[in-house]
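Trainee: The chain contents come next:
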Amino acid sequence: MKKILKHFFVLFICTYIYSVDEELILSQEFPDKLSDFRFFKDASAQVPHDKVIPYELISTLFSDYSYKQRWVYVPNEKKAKYQEDWVFNFPTGSALIKTFYYPIDERNPELGKNLLETRLLLKKDQGWEAVSYAWNKEQNEAFKKIAGKTINVSWTDFMGEERDVRYRVPNVNQCKECHDADDKISPIGPKARNINKDFAFKEDTFNQLTYWMNRQIIDEYPLDLVSPVDWTDESKDINDRVRSYLDINCGHCHSPTGNANSTGLYLHLNETRNINLGVFKKPVATGRGSGGLKYSIVPGEPEESILLHRMISMDPGVMMPESGRALTHTEAVEMVRDWILLMED
Amino acid sequence: MFIACLAFSTFSYSKEIVISPGDDSQERLQEAMILMSEGDTLVIKSGYYSFEDGLSLDVDNVIITGEGMDKTILDFKDQKSGAQGLLVTSDKVTLKDFAILDAKGDALKVIGTKGINMINLRTEWTGGPKSSNGAYGFYPVESEDVLIDGCVAIGASDAGIYVGQSKNIIVRNSIAQYNVAGIEIENSYYADVYNNLASHNTGGILIFDLPDLPQQGGHHIRVFDNKSINNDTDNFAPEGNIVGEVPRGTGIIIMANSDVEVFNNLMSGNGTVNLSIVSYSDETDDPNYYPHPKRIQVHNNTYGPSGFDPDIETGELAKALFEISSGKMPDIFWDGVVPLSQMLFGQPDNEKLIISEDSQVNFLTISPIKYMLGFSNPIKIEKEDFQGIINPLESITIDGIK
Chain A
12 MKKILKHFFV LFICTYIYSV DEELILSQEF PDKLSDFRFF KDASAQVPHD
62 KVIPYELIST LFSDYSYKQR WVYVPNEKKA KYQEDWVFNF PTGSALIKTF
112 YYPIDERNPE LGKNLLETRL LLKKDQGWEA VSYAWNKEQN EAFKKIAGKT
162 INVSWTDFMG EERDVRYRVP NVNQCKECHD ADDKISPIGP KARNINKDFA
212 FKEDTFNQLT YWMNRQIIDE YPLDLVSPVD WTDESKDIND RVRSYLDINC
262 GHCHSPTGNA NSTGLYLHLN ETRNINLGVF KKPVATGRGS GGLKYSIVPG
312 EPEESILLHR MISMDPGVMM PESGRALTHT EAVEMVRDWI LLMED
Chain B
788 MFIACLAFST FSYSKEIVIS PGDDSQERLQ EAMILMSEGD TLVIKSGYYS
838 FEDGLSLDVD NVIITGEGMD KTILDFKDQK SGAQGLLVTS DKVTLKDFAI
888 LDAKGDALKV IGTKGINMIN LRTEWTGGPK SSNGAYGFYP VESEDVLIDG
938 CVAIGASDAG IYVGQSKNII VRNSIAQYNV AGIEIENSYY ADVYNNLASH
988 NTGGILIFDL PDLPQQGGHH IRVFDNKSIN NDTDNFAPEG NIVGEVPRGT
1038 GIIIMANSDV EVFNNLMSGN GTVNLSIVSY SDETDDPNYY PHPKRIQVHN
1088 NTYGPSGFDP DIETGELAKA LFEISSGKMP DIFWDGVVPL SQMLFGQPDN
1138 EKLIISEDSQ VNFLTISPIK YMLGFSNPIK IEKEDFQGII NPLESITIDG
1188 IK
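As you go down the protein sequences, you meet chains A and B in turn.
So that you can map any letter, position 246 of the first sequence is 257 in the working numbering, and since no number is skipped, the others follow by simple counting.
So that you can map any letter, position 371 of the second sequence is 1158 in the working numbering, and since no number is skipped, the others follow by simple counting.
Be aware that one or more of the hints could be misleading.
What the hints assert, rightly or not - Which residues of chain B face chain A? A few of them, derived with a C-beta cut under 7 Å, are:
id: 1; residue: D845
id: 2; residue: G869
id: 3; residue: G892
Stated by the list, open to error - In silico lysine-lysine, BS3-like type, Cα no more than 30 Å apart, as pairs:
id: 4; chain 1: A; residue 1: K195; chain 2: B; residue 2: K883
id: 5; chain 1: B; residue 1: K1106; chain 2: B; residue 2: K1081
id: 6; chain 1: A; residue 1: K148; chain 2: A; residue 2: K160
id: 7; chain 1: B; residue 1: K901; chain 2: B; residue 2: K883
id: 8; chain 1: B; residue 1: K858; chain 2: B; residue 2: K802
id: 9; chain 1: A; residue 1: K160; chain 2: A; residue 2: K195
id: 10; chain 1: A; residue 1: K160; chain 2: B; residue 2: K864
id: 11; chain 1: B; residue 1: K883; chain 2: A; residue 2: K156
id: 12; chain 1: A; residue 1: K79; chain 2: B; residue 2: K867
id: 13; chain 1: A; residue 1: K187; chain 2: B; residue 2: K802
Keep in mind the hints are simulated off the structure, nothing from the lab.
Where is the CB? At the ideal position from N, CA and C, for every residue including glycine.
Just need the whole structure built from these sequences, with the hints factored in.
Mentor: Shown next as structure tokens:
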């Protein structure tokens, strides 16, 4: 009897640990608790289930210096299809999972993390849906936040300085505002070109695309892929670094299919027209966002360039991006300032 | 029985959701705006609501109503995030009877929707005209079937009521005061702007078209039965914006649009000029852009005093006009700029400006060729030369709107 019970117990644990709740991914309603999806073996430590694969992007969206961990889940026997210049076409039942956190002290990771929220993109029959779960004080569960949440949080940065931020968990509509492409929700990050880099998986270090092939969640990608550079890599060309940064931070709205297409300012990687990239481009419906400046970019004159002004500003009526930022990204501002300074007429 | 139940449940009845002032009203209101279903009505009871973050709506076919533009007050003066007070991105939405105050960016932005009714709403910056005010009060853009009716817009640092890159538009019975531009229709097709009051703005009503945008070639705009009077507020737009060029005291400006009919309006008390018809004058390399107005029809308007206080400090329009007219400012001004071929060989008849006004109405235009060749008197004031038959434009209809 005891033996049978033990068997049952092991079986139960196995099924529990080794399966993500796919039905929940597909269900109409989002569950109240993140743990219901069973994406993690150990939620507090953010240890994922084996079928939940971690990944990184070459360049990432700035979110007030928060750190992000990303995972992808693709249902058994299904594969995501490569699409040129676009994110993989993930099969129904897939999930993209992203946890935002601050380390307690950036100088000493062992002091632990402060988990803020875990955002989900769930591929349902009718397409992608987005929702966010905010972590509780005990850091052992995250709860659905339809209307978003404000978290006043602080951390110690690399310089040993205490930093504070009014961190905003986005509401469901705000998720859509950035993830909108042609009136449908779409992931932004996992384009083949953006994940074409090495990652230290628990087995070993592999190129992520190679790993995805081995794990059979994709079945092809072009070998001559042109990837953006890591914008933090100072050995790379500054134009490539800036274009990589602008692509991932601005290009999802500022593109012909994005939410900011009415502006005519397009900052996605494929844009080549100077006027649409902002060079001597006048503001359209910018209002006081222009800061009294005449053009998005004036070559050689960063302080005369609206683009830089709006990256620096922390005023909600002026700042870009419109949401998801409360602090200035100093390092990126410096880079874009140099880029404009070096730009020739 | 089971099947019947199932069928029944898919036709859920539309419901009414009521939000009252009190603790967590921001979260309660935002959550209600997210969770409401098609067909629902959300009632925001009268009272004062304060917000730290912008609100947004993305549910089709809903009504959000307050209890009056002076009763239900959504106040954003403590706003810390969000580029607008309220953002609407869904179709068939009716908003009515509330006010949006002191938003950090635009007050009410509506983007990419089909069917938006804004009725008896107020957007206001309460500290008077200031360049730190948000850009737009009402800001529908890239939308179709846009109604703005009985609304009030005060204090916007760009335009109180701004309709951009949209189609099928009615702006009526509304009041725009103390904005840089009272009402602006930009890069839009098929609009009726009527029975509005635009006063104490920098410029009253602007019909503009700009280059390098996804939708351009603004056309078929009727501006009638409006009062654009006493527009006497100094331009307080931040530099760089096109309305920053508008001189204080302009009644109506038509720029680079086609098929515009301006009639039965009262323009008066505008210190620079009552009505101005101009080309887009900045450089542009946009091959798809046509910078000149054409087929503009002006008739049966009433013109009161104007030109008594031209704002030669702002932009080029007032200064140029003041110099060229030797200080005798006209009621109607056309800059006369046409493509080079038309300068040489004349405008085709069906593109010409038509003016049919009372004989006392003063008109002035410039002959660009004479101007360029340095003629001492390049101006022309005989509006009789611009007489013609008025071809009324068709009125705009929106399904379900009387």
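Trainee: Each hint needs a verdict: does it hold in this structure or not?
Mentor: Hints, verified against the model:
The restraint placing B/D845 at the interface with chain A holds, with a minimum CB-CB distance near 5 Å, inside the 7 Å limit. Because the beta carbon of B/G869 sits about 6 Å from the nearest beta carbon in chain A, less than 7 Å, this interface hint is met. The interface hint given for B/G892 is met, as the beta carbon of that residue sits about 4 Å from the closest beta carbon of chain A, less than 7 Å. This hinted pair checks out: A/K195 and B/K883 have alpha carbons roughly 28 Å apart, not beyond 30 Å.
About 24 Å separates the Cα atoms of B/K1106 and B/K1081, which keeps this hinted pair within 30 Å; it holds. A C-alpha spacing of about 14 Å is found between A/K148 and A/K160, which places the hinted pair at or below 30 Å, so the restraint holds. Restraint check for B/K901 and B/K883: the C-alpha separation of about 17 Å stays at or below 30 Å, so the hint holds. Taken as a hint, the B/K858 and B/K802 pair is honoured in the structure, with Cα atoms around 23 Å apart against an allowance of 30 Å.
Among the hinted pairs, A/K160 with A/K195 is consistent with the structure: their alpha-carbon atoms are about 24 Å apart, no more than 30 Å. The suggested pairing of A/K160 with B/K864 holds, with an alpha-carbon distance near 19 Å, which does not exceed 30 Å. A distance of roughly 28 Å separates the Cα atoms of B/K883 and A/K156; the hinted pair therefore holds under the 30 Å criterion. Restraint check for A/K79 and B/K867: the C-alpha separation of about 23 Å stays at or below 30 Å, so the hint holds.
Between A/K187 and B/K802 the alpha-carbon distance is near 25 Å, which keeps this suggested pair within the 30 Å criterion.
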